Each structure stands twice: as structure tokens, then as C-alpha cells.
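> Now for the letters of each chain:
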Amino acid sequence: MPHNGSSNDTGDATSAAAAAAAAAAAAARVLVIGNPEAPEFALLQQLPPGVVLLGVGQALADFAHLSPEQWASCDVVVKMGGGSSPSKSQPAHSHLHRCNSSSVSLTQSLEEFWPLLTGLKWLHSGAVGLEHLLTPALVTSPVLLTNARGVYSQSLAEFALMSCHFFAKQLPRLMASQAARVWDVHEVQELRGATMGLIGIGAIGRRVAELASAYRMRVVALTRDASKVQQDVHSGLLSQVYAADQLHQLMAASDYVCLSLPHTASTDGLVSAAAIAAMKPTGVLINVGRGRTVDEEALIAALQAGRIRGAALDVFATELLPSSNPLWGLPNVLLTPHCSARTGRFMFDNVQLFLDNLQRYVEGRQLLNVVDKTLGY
Amino acid sequence: MEERDTQPAETTPITANIIVARYPPAPPASTIAELLNARLPPGVTLLGCGQSPAELQHLTQQQWASADVLIVWGARNPNAKEFYAKLTGLKWLHSVATGLELWLTPEVLSTSVTITNAKGVTANSMAEFAMMCCHYFSRQLPRLLEAQAAHRWDVFEVEELRGATLGLVGCGHIGGRVAQLGGAYGMRVVALRSNPALSQLDVDSGLLDRVYSPEHLHEVMACSDYVVVSTPYTPDTHELISAAAIAAMKPTAVLINVGRGRCIDEAALIEALQAGRIRGAGLDVYQVEPLPPSSPLWGLPNVLLSPHRAAFHSNFFRDSVDLFARNLQRHLAGQPLLNVLDKQSQY
Numbered sequence: 001m002p003h004n005g006s007s008n009d010t011g012d013a014t015s016a017a018a019a020a021a022a023a024a025a026a027a028a029r030v031l032v033i034g035n036p037e038a039p040e041f042a043l044l045q046q047l048p049p050g051v052v053l054l055g056v057g058q059a060l061a062d063f064a065h066l067s068p069e070q071w072a073s074c075d076v077v078v079k080m081g082g083g084s085s086p087s088k089s090q091p092a093h094s095h096l097h098r099c100n101s102s103s104v105s106l107t108q109s110l111e112e113f114w115p116l117l118t119g120l121k122w123l124h125s126g127a128v129g130l131e132h133l134l135t136p137a138l139v140t141s142p143v144l145l146t147n148a149r150g151v152y153s154q155s156l157a158e159f160a161l162m163s164c165h166f167f168a169k170q171l172p173r174l175m176a177s178q179a180a181r182v183w184d185v186h187e188v189q190e191l192r193g194a195t196m197g198l199i200g201i202g203a204i205g206r207r208v209a210e211l212a213s214a215y216r217m218r219v220v221a222l223t224r225d226a227s228k229v230q231q232d233v234h235s236g237l238l239s240q241v242y243a244a245d246q247l248h249q250l251m252a253a254s255d256y257v258c259l260s261l262p263h264t265a266s267t268d269g270l271v272s273a274a275a276i277a278a279m280k281p282t283g284v285l286i287n288v289g290r291g292r293t294v295d296e297e298a299l300i301a302a303l304q305a306g307r308i309r310g311a312a313l314d315v316f317a318t319e320l321l322p323s324s325n326p327l328w329g330l331p332n333v334l335l336t337p338h339c340s341a342r343t344g345r346f347m348f349d350n351v352q353l354f355l356d357n358l359q360r361y362v363e364g365r366q367l368l369n370v371v372d373k374t375l376g377y
Numbered sequence: 001m002e003e004r005d006t007q008p009a010e011t012t013p014i015t016a017n018i019i020v021a022r023y024p025p026a027p028p029a030s031t032i033a034e035l036l037n038a039r040l041p042p043g044v045t046l047l048g049c050g051q052s053p054a055e056l057q058h059l060t061q062q063q064w065a066s067a068d069v070l071i072v073w074g075a076r077n078p079n080a081k082e083f084y085a086k087l088t089g090l091k092w093l094h095s096v097a098t099g100l101e102l103w104l105t106p107e108v109l110s111t112s113v114t115i116t117n118a119k120g121v122t123a124n125s126m127a128e129f130a131m132m133c134c135h136y137f138s139r140q141l142p143r144l145l146e147a148q149a150a151h152r153w154d155v156f157e158v159e160e161l162r163g164a165t166l167g168l169v170g171c172g173h174i175g176g177r178v179a180q181l182g183g184a185y186g187m188r189v190v191a192l193r194s195n196p197a198l199s200q201l202d203v204d205s206g207l208l209d210r211v212y213s214p215e216h217l218h219e220v221m222a223c224s225d226y227v228v229v230s231t232p233y234t235p236d237t238h239e240l241i242s243a244a245a246i247a248a249m250k251p252t253a254v255l256i257n258v259g260r261g262r263c264i265d266e267a268a269l270i271e272a273l274q275a276g277r278i279r280g281a282g283l284d285v286y287q288v289e290p291l292p293p294s295s296p297l298w299g300l301p302n303v304l305l306s307p308h309r310a311a312f313h314s315n316f317f318r319d320s321v322d323l324f325a326r327n328l329q330r331h332l333a334g335q336p337l338l339n340v341l342d343k344q345s346q347y
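From first to last, the protein sequence lines stand for chains U and Z. Mapping the first sequence onto my numbering, position 195 (from 1) lands on 195, and the numbers just tick up by one. Mapping the second sequence onto my numbering, position 127 (from 1) lands on 127, and the numbers just tick up by one.
Same shape as in the complex, but just chain Z (with noise of 0.2 Å):
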């Protein structure tokens, strides 16, 4: 990682001096510094890519001053506060994904930081997946395997998707990109949002048939076939499926989490799955990552388990680093840049 030199005096230099936070499973370093150094204009600088401080000991204080862009490349990285205390220039944090917890603490969301995350660029790839769940219990796929691992001829009837009902918990990226293409089979599509005017525009074309807002989560567990999950988490989406939420479900009825699995009371779920309360969930992730082996959700016949690669598309690192260097151009700029974080409601 060499620095640039610095620009002939005549031109006022735009200069940004970048740190990675990396963490697995992040790419290793060398592969993270060859998809951003491609992309850096002049003046910009990546300084370093570590998992902490401690792996970048040959930075100098200066260096770690002059640091003002920190890229978050992996967000279960537990030294936040150690890359905080050394970057006191720190102007702006940016995510290559979209969930940015453990990076949220109290201190940076108290300063004037701009943060921003990816939300968007794996918003396709997670609709794909939710979609991909509700084929998989309105065909019976497990059924359908078993029969053919035992080469018999098991006629079932199936289900269309089309006229089920598809109701979303969260409407941002992931959940906009998830009614389009239940919209597309012919789903009845309903949303719940935190601020249902900003779905206005979407039930008046038709794209919605209805939003609610969050007070009235259980309507709309009631009245899906399909319930996909997809709000980050936060303080107020803690154990947001809950339950009782959980049991205002239909008894034939798919619970599908691409969002964080903190926003589902998981042992509730689990419990429910067992007694065969709900008909089966599409899971992405968990309260714990990696799932320990001794969860009951990996041997529930009703669940379709994914570890958290939902987002992980072939073109997922291309798109990121895209998108933060369309955000790199608006941050020389002083542009207002794509993608910031409320710090308020925290996404």
C-alpha cells in the first residue's frame, strides 16, 4: 500500500486518507486493496487494512490523524472503539454492507461523523433469496427431494404464488425490491414501515395493495402467506416479531428473515416451527452468528437455513466498492453523500 504523491502546489489538492476495518469474512487485505486502489483517484490515499490498531502498528500517529475515511469491511468487528480512539480526524465511516451495529456506539453517534452504508446494492440479491423461500414451501420442495432421492413418482398438487399474500416488515431497499417481484407473479403485496406516507407514491401505482404502520404488526401476520422480514436492527425492531406476533400467524403461513435476527424473538420461533404452529421460516440470519450447531433450527424439517450469504452475490464486492467510489466523488466534492445514516433511528 504505497502513497501517492503529493499534488504540484499550483492545484489545490482534494486529498482523503483511507483506513479498512476488515474483518471475516471479509477478502484478505491484499485483495481489498487492489479492488479500492483501482478505483482511487489522485490525492487519495488507503493508508492501511486491518482487523484492529493493532495490526496496523506501522502507522504513524500523523498517519492515524490524517486517516478522515474509515471503511467498514466487515461489521461484526468488535474493535470499534479501539479504531475510534486513533482516529481523531475521522470524518466519514462507510459500510460495504448495510448493517452496521456494533459500529453505532454512543461516542460516534454523537459527533458530527457522516456515516453511510451499501443498502441497495444487495437489496436484489436478498428479494432473490426471500423469493426463492416462498418457491420452496409452495412447491413442498424437501417433499419433492425425498421422492426423487427415493425415485418415486409422487404426484402432489402445488401452490402458485400468485394470489397468496406477501407481507413485508420493513419497506426500504430490500423490502421495495421484494414487492416488485411478488407484484410480478401476482401477489397480493402488503407492507408495514415506520412511516407509512413514505409508501404513499407505492400503494397509489399499485405496487402496495396496502401499509400499515407498526402498531398494527399483527394485522398484517395475520393476513400473509408470506411474511419477509427485512428491517436492520435497532432499538425499536429488538424482538420486533415477538410471540405473540409470531403467533398471529397463519397456521400455514412462511415467516422469511433477510434483515437481522434480532428482530425476531428466535426462541419463540423455534418453539413455534416445533409444534408446527406456523407452516416453516426462510432464515438468512440468527440472534448468533455463525448458528451454533446445537441450535434447534438446524434440524427443524420446516426451515430453510442460509448462513447469512444472501447478499453475498458474485458481483456483491464489484457493486460496493462502486458505490463508495460514486461516494468517494461526492465527498471530494463536498456533494451530500448517498446512503447516510440517520443517527437518530440508527439507519
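Isolated chain U (complex conformation) (with noise of 0.2 Å):
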């Protein structure tokens, strides 16, 4: 089989090795569809033994060199994307891509891959929201999907305990007594002993139980499947599992509210007028999930009317958000750019999932973070 497009290909005294290998069955046919620059690829120079790089790019232009039959053999796609290129990841100070411009994209260029890739056996996403990615063709399929699950869990959680100590220790009277010089002697709320609700207790849900635990908060969580945390509740780290059906029961006991569902048909705006009336007048909702699983209109209307305390948005029903959404000028919410995860590491941690996933595929064994297609998580 030619092996033009690999990037195993030594070209010395060895290739008759190197032809030998890629001759008999290759372990995997690898597709990268991402941005070449970007110093994560760095480390598919670290492929497992007999897989074979086709390619990295963008563009099905960027393939242009790959025989039908390469296109054929293609077995793995990894589908990239939200990172940035080397000349802009300096810390601190860049001018990041957008996360969700570049998402829609890499949307559209699966969509002209696809017919090609008539040999798919494998696609890992390296995004946890697959909402974009699920077209019907793919649900069908008999196509593995994985996803990035985890990668993003430490950044969310830790953005979610700061939005605790936010309200808890009123930050923006803080921030506000203190640009006035003014020494403003108030009471502090301490996260010990408050409770966390969790709506999602996957791979972020569960980090934020770990660390709202570590403060010594009181953790519980909604549910659709109790038998998957009965460990959580033995174990202590769950107070509490509500049903599905109890939703307003959790809002009620709960003086921070932590949502980190994926949108799908069954949680388009879960949390609802009525489910934000149920909160706590104290309470705070904090959304690391996505948008769209709120009442965004409800919530706004909550937060002007001061009928909970405030909210911590990292994802929005529109993104980019408008400029013109009341969001942004409400005093009691704390809003960040659907970037709460993305850290100098994440796309490296990212590479590094997908190739301990690369192992497992080419040993046979049973891959992590398997999404169920029609579920949609």
C-alpha cells in the first residue's frame, strides 16, 4: 500500500522494515483534522507502533495528496478543535480564537470528510459538547464516537468553587469598597456547610462534588440514573440523589445550584421558570454546561428581579453573547467568555487522551469516554 501521507515514513536503510509494517494491516490509519501548527500535534510524533498518520489539516484541501484507497483505509478521525495556533499561545495576554467560531468550522468540514470515509471505524471528538458534531448520518453509523471528556472537569470545577466564594464573600462589594478607599467592615459567608446541587454528575459534576466536599459543603445531586452513584452516596461524597422528577425539590435545598449538562433533546431548558422560582432567595446558579439547558429569558428576569442572588455563566443560549443582553449589566452575575476551561495545558492534556485512546484501540481493549450516540452523551 503507498504510504505517501505517513509521517512514519524514515526513507533509510530501515524503510524495508518501515514497508514490511505498513504493507500487512496497519494498527490504525489516523486522520488529524485540526490546525497543523498547533504545538500539541507535537506529541502524534509519539504514535503507537504500525499507525499510520495519514495526515493533519483543516481542510479537505490540506488532504489533497491522499489517494482513494488511503481515504478508504482511513479507519481513526480525530476531529480537534477550540485550541489555538503556537504563534498565539502566550498566557495571559493572547487574542485566542473564539472557542465556538472555530467549532462551527470544524462543523462544516466533517460534513465535506464524511462521504469519504468509508472506512470509519472510530471518531474521537476533542470537545465534550457533541451537539454539533451528531448529524444523523453519524447516529446511524455504526462509527465508535469518544469524546473529551474529563480533560475540561479540573478548570470547570475550580470555576465553579471561585463562583461560590464570588457571592460568598460578596467579591464585588470587596472590589467596590475598595476602589472607593472605603474600609467597609461586612460578615462573610463561609462555603462549609452550604449546599452544593449538582444537575450532571458526569466527569465535571463529580470534580465539583470532590472539591465542594473538601470545603465541607453539604453535596447532592439530580440524577436520571440513582444506580450510577450509589458508590458517591456510600462513600459519603453525595448527601442526596434526587430523581429527575425533583428537580425543584434540589433548586429549593440548594444555596448553590452547579449545572453541567450537555444540551440535548431532554435538557433543552430543564432548568426552567418554575425550576429557578424554587431556588433559595439566596441561592446562585452556576452553569458550566451549556446555554441552552437554561430559560435564559426566566433567568434574566430572576436575576433583575433579585429573586435569587445571582448566577455564574460561563456558556450562554447565543454565543458569541450579544453585547446588547442584559446579562452582561446585571451587578449579581459573573459572566466569562465560554473560556472557564481553556487553560495553557487543555489541548495538550486533550492529544495526550485521544493517543492512551490510540493504545487501547490498537490493543483491542475497551475505549474511554464512549459517547451514546442516541443519548448524545
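A couple of the hints might just be wrong.
To be verified - Derived DEER-like restraints, expressed as beta-carbon distance ranges:
no., chain 1, residue 1, chain 2, residue 2, range
1, Z, ALA150, U, LEU144, 38 to 48 Å
2, U, ASP268, Z, LYS250, 17 to 27 Å
3, U, ALA180, Z, GLN287, 17 to 27 Å
4, Z, LYS250, U, ARG216, 22 to 32 Å
5, Z, PRO296, U, ALA305, 33 to 43 Å
6, U, ALA176, Z, ALA197, 38 to 48 Å
7, U, HIS186, Z, GLY276, 27 to 37 Å
8, U, THR282, Z, ARG318, 13 to 23 Å
9, U, ARG216, Z, ARG39, 23 to 33 Å
10, U, HIS186, Z, GLU34, 15 to 25 Å
11, U, PRO331, Z, GLY186, 47 to 57 Å
12, U, ARG216, Z, ASN195, 24 to 34 Å
13, Z, ALA325, U, MET175, 32 to 42 Å
14, Z, GLN287, U, ARG216, 26 to 36 Å
Unchecked claim - Some but not every residue of chain U turned toward chain Z, in silico, with C-beta under 8 Å:
no., residue
15, LEU138
16, VAL139
17, SER155
18, HIS165
19, TRP183
20, GLU187
21, ALA194
22, LEU211
23, ASP225
24, LEU320
25, LEU321
26, TRP328
27, LEU335
Since the hints were derived computationally from the structure, they do not count as laboratory data. Since this is a predicted model, take the numbers as computed values, not measurements. Just so it is clear, CB atoms sit at the ideal spot from N, CA and C, and this is done for glycine as well.
Two chains, each in its own frame: build the complex with the hints.
Dropping the structure here:
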């Protein structure tokens, strides 16, 4: 088989062995949809033996060198997104690509590729949210789908706890007094003893639970499948579990509600006006999942009326959030532009996760982070 | 504040008489009386609550002499000497907070008066404040809020606390709690304390990565991303965090002080912050409090300034009075008290 697209082609005395390996069934033939200049792709130099890298590119044109046979032989596609090009990877002062515009462009590119990938067995997404990827064709196909669940958990969990501090310690008041040079003596609240209510107890929710637990918060969770969290109840990580139809009870019991649900047909608008109305007036809503799992208009109304203490939001119904959206100007809102998981290391962690899974794939072992395509997560 | 009736003769009464030295921002005397009287067993009397003996004119000489317990509720009260002069029968001095410096006169330190404080009661609240300061800088909160105010979708990279190094200067109740929280985040936690052997168990258990004795201060400053100072103010800790110690810090490091303002060379800190030689500071305590409006600290963009409130959480009075009540029981039973101050080291 020709292997002009392979980066494993050494072209020297060992090429006979390499050719033999390539001629035999390769362990995998991988195509990477992503920015070839991204520094994290240096990790791709450590592919497991027998794995052929067909190429790295962002659009079909980047793979013009591939023959029809190579296309047909491709069994693994990795679709990365949301990273940065090396010239822009300076911490703290970088002007990174907007997270969401890049994921939109990658959606289109997968559709371009799809008809050519007749031999595709496994698609790995470097994102966690998959709503743009899950076309009917992909869902009905036998292609195995895995995602980057876990890669963002620490960063988003840290954001969630920071949000709790933001409200408990009255950070806006502190900063305003500081700006006015006023020695403003007031009470602070501890997180210890407060109730953290988790809607979504996947990788992100679980990490939030662990941190909240370290703060000696009382952690409760809503889940559709109580059997998945039995261990957590036994271990004491979760004080109480609520079934899907007990959402309002969870809202009423919680001082901080942390939402980390994916956006699917069944989670669309889950945190409704009625659910928000069930919250304590001192309650805080934190959303690190998807904006459309909340009735955003109802949330805005509740915040404007002071019916809940506040909200900390990393995600919105529409992103980029239009500057006219009232959320920007509300004093009881902490707003981050869908970048609370964007750390210097997240793309490296992302690629490493793919490589770990690739090793499992070539060994015929169970992959990590397999997505249920019908459920959407 | 009524006196209780004395006990009948057949039971030997164990009594105690309490005076409270109150100073702002302590709650009003009536509130203090309410909080205490609810917890006082029979035989124990609250004789009076005031800022100075002059405010307690109604007390007789005999009553002053009978007062064996002094509660300091507001450690910045400057009238320690006046109180001590009247309290000829003083056996036990208790602070509802942690710091007691103005009350640790050479005279009282040379007596056998037992001195206790409420250390531990505020440890969690202080530790939470320290973690908030870490987040404030790792997430660039000022930048975030500024973009939010401008309605600007400003995407930037954030840092995780996971993997960063937390350097604790002082490893008592507060430092210990900060270590637990930092560890939960996956931070690398190192500590400096006067007696490193006391932390051996914590090193063995993995709570602390390494413990240093005080002569290694600059090493701790140099390896830390977040330095949390929680030392008490004693002769040994006066300006412990010197200009040289600050100069040893990473340019990306943050200094957090929840101990005492005079443990840091404040002028040197201001200079370093103004020059951008460290990333920033999160402060709850200062050399002079309230911090004068003229202090440059107010206006520095890389400072988070808290008006000595990090300890005063909503349950503070309840928890502190709780501790006093437990110590009172021990006092009445002749048992060793909790949180006894070592008069040599003064903490």
C-alpha cells in the first residue's frame, strides 16, 4: 500500500522494515482534523507502533495528497477544535480564536469529509459537547464515537468553586469598597456547611462534588440514573440524590446550583422558569454545561428582580453573547466568555487523551469516553 | 447583667466571675451579654462588659477582686494595663478571636494567668479567603470583570490551581486548613514553620510535600506560586516577610496575608507591587488598621484588599462563644484548657 501520507516514513535503511509493516494491516490509519501548526500536535510524533498518520489539516484541501485507497483505509478520525495556533499561545495576554467560531467551522469540515470516510470505525472528538457533530448519518452509522470528557473537568470545577466564593465573600462589594478606599467591615459567609446542588454528575459534576466536599459543603445531585451514583452516596461524597422529576426539590434545597449538563433534546430548557422560581432567594446558579439547558430569559428576569442572589455563567444560549444581552450589565452576574476551561495545557491533555485511547484501540481494549450517540453524551 | 443567687450551702459552689473587655468592631455590650448568659452555668456570673474600667464604674472593689476570668472581645483595645490593674484576682484571660498582642504585656506574661484564644474557630473562614485570593489571580478576575463591564467577549487563557505550588508561612490551624484545601485542588503544598518536626505526620501522609524551618524562608518564597502567610505576630515574626524575602519570589507569584500585617515589610511589599516584581497580593491584615485612605495599597490594580474581615463569618460569634463555654467547663472542673498560649513564644 502506498504510504506517501505517512509521517512514519523514514526513507532510510530501515525503510524495508517500515514498508513491510505498512504493507501488513496497519494497526490504525489516523486522520487528524485540526490546525497542523498547533504545538500540542508535537505529541503525535509518539504514535503507537504500526499506526499510520495519514495527515493533519483543517479542510479537505489539506489532504489533497491522499489517494482514494488511503481515504478508504482511514479507520480513525480525530476532530480537534478550540485550540490556538503557536504564535498566539502566550498566556494571559493572548488573543485567541474565539472558541465557538472555530467549532462552527470544524462542524462544516466534518461534513465535507464524511462521504470519503467509507472505512471509518472510530471518531474521536476533542470537545465534550457534541451537539454539532451528531448528524443523523453519524448517529445511525456503526462508527464508535468518543469525546474529551474529563479534560475540562478540573478547570470548570475550579471555576464553579470560585463562583461560590465570589458570592459568599461578596467579592463585588469588596472590590467596590477597595476602589472607593472605604474600610467596609462586613460579614462573610463560609462555603463550609452550605449546600451544593449538582445538576449533572458526569466528569465535571463529579469534580465539582470532590472540591465542594473538600470545602465541607453538603453535596446533593440530580441524576436520571441513581444506580450510577450509589457508590458516591455510600462514600459520603453525595448526601442526597434526587430523581429527574425532583428538580424543584434540589433547587429549593441548594445554596449553589451547579449545572453541567450537555445540550440534548431532553435537557433543552431543563432549568425552566419554574425551576428557577423554586430556588432560594439566596441561591446562586452556576452554569458550566450548555446555555440552552437553562431558560435564559427566565433567568434574566429572576436576576433583575433579585429573586435569586446571582449567577455565574460560562455558557449562553447564543454565543458570542450579544453585547445587548442584559446579562452583561447585571451586578449579580459573573460572566465568562466560554473560556473557563481554556488553560495552557488543555489541548495537550486533549491530544494525550486521544493517544491513550489510540493505544487501547490498537490493543483491542475498551475505549475511554465512549459516547452514547442516541443519548448525545 | 444580674448577679445569680449563690448556691445552697450543702453543694460546694464552683464559681467564676467574668469581666468582658469590649472593643469595636465587637457587637454591643447587650448582645455580648445575651450570647454569654445563654451559655453560663449556675455559679458563673458576668459582672460587666465595657471598653475600659472607667466604663464599669458600677463595679465595687470587691467585685473587681472577685473577677477571675477576663474575656477580651476586641484585641485592639488599648486599655489592657488599666484592666490588669483592677483585676487583682485574675486567673484566666480568654480572647474570642486569635490575636492578643496588646494584651501580652510583660507583666501578665510573668504571672501564672492562663491565656487562651479562639484559634481554630476562624481557621476555615481564613483558609477559604486564602483560596479565593488564589482564584482571584489565577482567573484574572479584575480583567474578567472589566470586560464584563464593557460588554466585551474577551476570551483569554485561565490558569488552574492544580499543579501550582502553595507555600505556607506558618502552619497552625489556618495553614493546616489551607493545606487541605490546596491539596484537594491538586496543588503542591510546602510549609515553613518554627518547628518542622510538628509537621512530620503531614509530610508522611502527603498533605505537605515538604516542610522547612525558618532559615529556609527564601527557598519557600522562590518555589511558590502562591504564598500564604498565617503567622501570629510575635517578636520572631516581626517583618518576617522582609524586602529580601519578597525579592526572592517568582515574578508570577502572589502573596496572601491572613496573619498579621506587621509580619510583612509593608513598604517593601508596596514597592514590589508597584514595580510589578510580583504578580499581586491578597491582604486581610495591615500594619495600621483601619488602613488609612492614603495607603498606596488601595489603588494598586494587583491587590485584593479585605478589611480584616476574613475571619468574621456568619457563625463566628456562635462558634467562638461555643469554644469559650467548653473552656469554661474545663476551668470550673480544674482541667487543662484548650488553646493555651505559650508565654515564651507568645502564640
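> Kindly indicate which numbered hints from before are broken by the structure, ordering the numbers from low to high.
2, 11, 15, 16, 21 and 23
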